[in-house]
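In order, the protein sequence lines correspond to chains E and Y. Here this note's numbering is used: the first residue of the first sequence is 22, the next is one more, and so on. Here this note's numbering is used: the first residue of the second sequence is 4, the next is one more, and so on.
Quick caveat, the hints were computed from the structure, so don't treat them as lab data. Among the hints, a few may not be true.
What the hints assert, rightly or not - Facing chain Y, from chain E, some residues (calculated, C-beta under 8 Å): (1) T41; (2) I49; (3) R77; (4) D121; (5) D122; (6) F207; (7) L209; (8) L213; (9) G217; (10) G220.
For glycine and all other residues, C-beta sits at the position ideal for the given N, C-alpha and C.
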Amino acid sequence: MMEVESKLIKQGAEARVFQTIFCGKKAIAKERFKKPYRLPCLDEKLTHRRVVKEARCMAKCSKAGINTPTLYLIDNVNHVIYMEFIEGITVKEFLRKNQDDEKNKGIVEDLMKEIGKMLAKMHSIDIIHGDLTTSNLILRDDNAVVLIDFGLGYTSHLIEDKAVDLYVLERAFISTHHNSEELFSFVLKEYLKNTGSMGEQVNKKFEEVRLRGRKRSMAG
Amino acid sequence: MKQFELPEIIKPEGVFYLPNAYISLYNNLKNQKELQEMIINNDDRVPNCAIINAHMIIDIFQLLAAASKASLLDNQKKLKTNNVNSEIIFSLSPYTKINEANNVFGISNDCDAALVIILCEDDAKAMEINDEVTSFIEGNEIQLSELSSYTDLEKIKKFFKIDESIQDEKFVLKQVLEQMTLKGLKAE
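Next comes chain E alone, as it looks inside the complex (with noise of 0.2 Å):
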């Protein structure tokens, strides 16, 4: 009898996440598994829907050059997503332990123009990721800035919808990161460089935004 392979790395609230092998590369399978409480036939076609949706925006911003993780295999009968396994520590952890050193001022900031860079192209195709945190940024093994979770992403041209993903990633700094108004007016600033027209259109609604919050009021 073969060994399982599969082990549960994490479990949120939409889907369980497994580490296992794919065809001999490390990979991770992603389970949207059953809500009990919904509607049997709700519940497939939601599930089914998202599944969908969370591979098209990987692969559309694979395609336009943003690190994601590569698609293995998609499968829709129990509603996994077979991908690649990225090597490397999330932004989040490398951000904890070198940014109160020194001698490594560059390199933090440089990785976070990568990441304004990115962020950047991921707009431009009208890509909204929709939980943009540092935990869900990997740095590779290799030095490159990787993408990962588009659980919450969507297509949009919306202005708005790019201010509020541009919110949230500057509400994970705050939250996770000292320093972070340094940290993220360089994300900022090399978006704005990248998206011309769009950027200001942006930048002027992420304004608003700040001042608001994610949420649009109801009233007025």
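Chain E is already provided as a structure; the job is to place chain Y on it using the hints.
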């Protein structure tokens, strides 16, 4: 012939296993026309394997991914083609035309190198099929590591509509794998 393990499939009630894949590479093919006709006509003498145009494959992993997909769909009784072997060829293509997939990824007149893949649970049976394959194909078996000298990257880029200025083979492989994975996905 080399053995490869296909991935284990994660199900809510536990994992299950796909069969193994046994792959071999042949060059100097002489009877491609005959092979092609026999495969199209579903001749009984055709061994239980898929024969693939080696020029359209960048890496064995590309073929293994297609085999995994085909084998999974076979297991779920969701094949779009006649059998799992033709489904492997269909899975290699990013488009939904079965005929086109056969012409491009299957064996044809201008194809002098072929990959043969056998999906099978046990080694002994795979050896049996392999014996049939070697008598069926007129060509020389060579090492799988020689595949890269047959890969026609330009043709692959053209077929998959990937920017022709891109030279990075890894990037091309990534795009190819993703187009294969996304094929046939419907939002509803």
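Outcome of the hint check:
no.	hint	verdict
1	T41	holds (7 Å)
2	I49	violated (11 Å)
3	R77	holds (7 Å)
4	D121	violated (35 Å)
5	D122	violated (32 Å)
6	F207	violated (27 Å)
7	L209	violated (28 Å)
8	L213	violated (27 Å)
9	G217	violated (22 Å)
10	G220	violated (25 Å)
Hints 2, 4, 5, 6, 7, 8, 9 and 10 from the earlier list are contradicted by this structure; the remaining hints agree with it.
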